[in-house]
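Trainee: Sequence:
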Amino acid sequence: MRYRKSVLSAAIVTCLSFSAHAQDAGSEATDLDRVVVTGIRASLQQSLDTKRNADAIVDVITAEDVGKFPATNVAEAMTIIPGVTIDRAYGQGEKVSILGTDPALNRTLLNGQSIASGDWNMSDFPTRTFNYSLLAPELVGKLEVFKSPEARIDEGSIGGTVIVSTRKPLDMPEKVSVSGRVSYGRNDRVEKTDPSASAAFAWKNEAENFGFIMSAQASNESIRRDGIESYGIVRAKDYIGGLGGSNGSVTNLPPDWSVAPNPDGSQPTLPATCTGTCADTLYANPDAVGPNSTSAHFFEQERQRKTYSLALQFKPVEQMNIELNALKIDANFDHMAQSMFTHQGNTWNSLKTLSDITVKDGLITSASHKNGLVVFDLQNRRAQVDSATYDIKVDWNDERWFASTHVGRTKAEGGPKQVFGEFLARTDYTWSIADAPGKPGSVEFTGSNPFVNPDQFQMDGGWGADPTQSTWNTGWGGNLVEKPTTDKETYGQVDFGIKLDSPIYLLRFGYKQRKHETTQIQRGIGLASVAGYGDAKASDFDPRVLPDNYLKGFSGYGDLGDRFTIDGWKLADYITSGKWLAPWQTMPVVSPFSAEEFARNNWSINEDIGAAYVQADFSLDRVRGNIGVRYVTTDLESGSYACNTGLAGCTQPSWSAEKLAASYDHVVKKNKYNNLLPNLNVAFDATDSLVLRASVAKTMARPNYTDVSSYLWLSDTALTGGGGNPSLKPYLSTNVDFSAEWYFSENAILAGSVFYRDVSDYILTESTPETHWNQNQNKNDTYLVDRPRNAGDAKIKGYSIAWQQNFGAGFGVVANYTYSDGEATDGRPLPFNSKNQFNISPFFENDTWTARVTYGWRDKYFTQVSAARELWTMDYASLDASVAFKITENLSVGLDAMNLLDEEYHSYSGVEQLTRGAYLGGRRYNASLRFNF
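Each residue of the sequence shown is one higher than the one before, counting from 1 in the working numbering.
Bear in mind the hints are in silico, worked out from the structure with no lab data behind them.
A hint or two may mislead.
[As the list claims (entries may be wrong)] With a cut-off of at most 25 Å between alpha-carbon atoms, the simulated DMTMM-like pairs for lysine to aspartate or glutamate come out as follows: (1) Lys669 with Asp786; (2) Lys698 with Asp635; (3) Lys552 with Asp567; (4) Lys886 with Asp466; (5) Lys729 with Glu823; (6) Lys670 with Glu607; (7) Lys488 with Asp685; (8) Lys670 with Glu823.
[Stated by the list, open to error] Quick list of the computed label-pair ranges, beta carbon to beta carbon: (9) Asp188 with Ile801: 33 to 41 Å; (10) Lys570 with Asn644: 37 to 45 Å; (11) Leu310 with Ala612: 26 to 34 Å; (12) Ser689 with Leu310: 37 to 45 Å; (13) Leu620 with Asp188: 29 to 37 Å; (14) Val182 with Asn371: 51 to 59 Å; (15) Thr193 with Tyr390: 47 to 55 Å.
Cβ atoms here follow ideal geometry from the backbone N, Cα and C, with glycine treated the same way.
Work out the full structure, taking the sequences as your base and the hints as a guide.
Mentor: Here it is as structure tokens:
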């Protein structure tokens, strides 16, 4: 069969498939969209047919059956596409990178349009990255990854654009169908079984001009993550004389308040804790760095997702098509994050307690502390993400022209409500990372062990006995914080096309207007706890030991693996009820303006985006493709709050809500940019089995919403922070792609591609000193603050190889390898760029059984800069498997197993031995019964 288009056949194909020519990636598909796909081989064949007929460079995944996508997680299914990698911070895929680019540089569209996304974690900020954990795989009929752009498709991607397509009622093979799934999942680290279910009902009339699909899914999943982690770094020189006015262990020693003052009125000091070899080592290695803390991390989460969808389709006449789509997602991500750690780098409590230290090759590999600080943090969070997407589309398509209009709205609301309790203890201990990264870190207590003694941990009650004296101060026992976020977009577009009897067989043009708003509100209070009233002990909150399998899979961690936890809900009741207040204290107002730390994290981004395009689709003998240009205007407003009181710290906790709000003015910074984005895609059918492709384009990607905001967070103990930059310019890139596809037999391909991205105005994080108010110490301090900047240029170049084949007797394989070499100005690494990645998925299928094994591996990758150090994630391997048995034509049972290697997700700071976080999330199993009538 020859894969080329005559002028007549091109017009016919366009007419048949018009329902999505403006945004639907399947605009060039033929009647293949009506093939009944049942099984792995049929799914792969349809994906190859779509890829082969496309004019751009596209990879495709098609559902194996109605409601059956080939993975329990949409992002994880995408790893069989060459050049696609995923990040598994919580044991499963949530963020997707394409061709070595940051996930934020790739857009995800639902049926060709934006879909709002939300985040549940307190440490996450609104970005342009889609959270794939929100998307139920049962919704997906087809997923396409456009690695080369077309003018008709929304701009905003440099690596590629993911278009998720749901099923259309009139494309369903039967007039009436009912399908669904009942399943039970289990994580071997959690040892709890979670039920899930889904159902869909599809109907179309006898005339097949009206139909609908209704579906509902309910998913439950228990997640646990055990780990060893550190929060930043400490430098050897800071142990000598302290940092920012704090005391050291060699000089600038802390005063000894147990003895009388000196004759001159000064206070005698305590003896140095670091003497002899310890002091010599510090002076010989002042720039050596080590972990700021060594933590036993314990994370529990209950994920619940309910999804409802409705699709209506009506064709009153043959030329007209009307579609209505609605999607509602209600998801809960309630969780508790608990860390128990030695805090050897704490500026005010630990720099003065060092007693021994070992340095090797510029790295502090172990140290001992006398009466050093130990911390137990518990963050109890209610987190919810709700998303609603609605759109309506009307098409007219006849033999000579088409017209389409598409309007819609998508909105997501999310964010956590946090109750944070912090308990402190002091004891003697030794920490070590000498055997890292294989053994990420260890702690040995040489004094009493607070990890097994809840009475030893107590909230900070401050210092001084008399509140009327200037020497008195409250402590800090935690906080109450709410961080709701909103992400919403309203859009409208019109598209027109003229069909011609010439090599340019289709000329299309259109205009789209988008109004996007992303906001973050942060409001809360700090617990100004008082000794004797608010300094509760951990033992007051029903302590219990952690499960026997805690830290299973790690070794050499010393006393980190033997620890307790407490009832987080009982702690939440204690804090929210105000039981921690002293008699003269009143419950502070939970407000965005109760403290600067909250006010500076309230921001909004408003974008008004207009885009016009012209695209010509051409075909001449064996050459086909498209050429076009997209012109985009972006008007941006970045809103935030600025203090107007002139006071250090801006406000006082005792002020009323009205006075707090009046202490800040809302300010808006504006930015505007216009971009002309031409592109060319050419496909050459060299033979009946060989397709050669080339693409060149100008692309752009807008900065992350958080990056262009005025947000600011600060760590008052580590004297570090991070913030936004409203003056950022967009990324601009010249993209060049070549590929060759050899379809050497039925359902088989051997393909190779070469890609190049030349990106200007690349945004990277840089760390610079800034002066801010230290709420903990009630004074101005110098912080090392990370902010994004247009730091220069970046280049990404690489190649990929893909192989798919049926061997016969039901056996087959899908495999790919990608090499991606990316770096920015001065050789700096690019976020989420793995130099090497490899995936292989052998499968077996007959009339009764199907089985698949998928193995994937990606190289290490850089993620961000923190405190002037590069954070990296180590190489990661994954092994998933599935097997299913068809009981009847309508019933089947299956078992899916994910993360069978229980691979360690390991990040580090600068060098592999300096662990930032090493985590294990457990193996996941899912047994299911599927039905389809």
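Trainee: All the hints need checking, so say for each whether the structure fits it.
Mentor: Taking the hints in turn, this is what the structure says about them:
Distance hint between Lys669 and Asp786 is fulfilled; the C-alpha atoms sit about 20 Å from each other, no more than 25 Å. With a C-alpha separation of about 20 Å, the suggested pair Lys698 and Asp635 falls inside the 25 Å cut-off, and the hint holds. For the proposed pair Lys552 and Asp567, the alpha carbon gap of about 23 Å is at most 25 Å, so the pair holds. A distance of roughly 76 Å separates the Cα atoms of Lys886 and Asp466; the hinted pair therefore is violated under the 25 Å criterion.
At most 25 Å may separate the alpha-carbon atoms for a hinted pair to count; Lys729 and Glu823 meet this at roughly 19 Å. Between Lys670 and Glu607 the alpha-carbon distance is near 10 Å, which keeps this suggested pair within the 25 Å criterion. Proposed proximity of Lys488 and Asp685 is contradicted: the alpha carbons are some 43 Å apart, above 25 Å. Restraint check: the Cα-Cα separation between Lys670 and Glu823 comes to about 30 Å, which exceeds 25 Å; the hinted pair is violated.
Roughly 35 Å separates the CB atoms of Asp188 and Ile801, a value that falls within the hinted 33 to 41 Å. Lys570 and Asn644 have their C-beta atoms about 41 Å apart, which keeps the hinted 37 to 45 Å range intact. A beta carbon spacing of about 32 Å between Leu310 and Ala612 agrees with the range 26 to 34 Å that was offered as a hint. Take Ser689 and Leu310: their Cβ atoms lie about 42 Å apart, and the range 37 to 45 Å holds.
Taken as a hint, the range 29 to 37 Å is violated for the pair Leu620 and Asp188, whose Cβ atoms sit roughly 59 Å apart. The hint said 51 to 59 Å for the Cβ distance between Val182 and Asn371, and at roughly 57 Å that hint holds. The supplied range of 47 to 55 Å is broken by Thr193 and Tyr390, whose beta-carbon atoms lie about 35 Å from each other.
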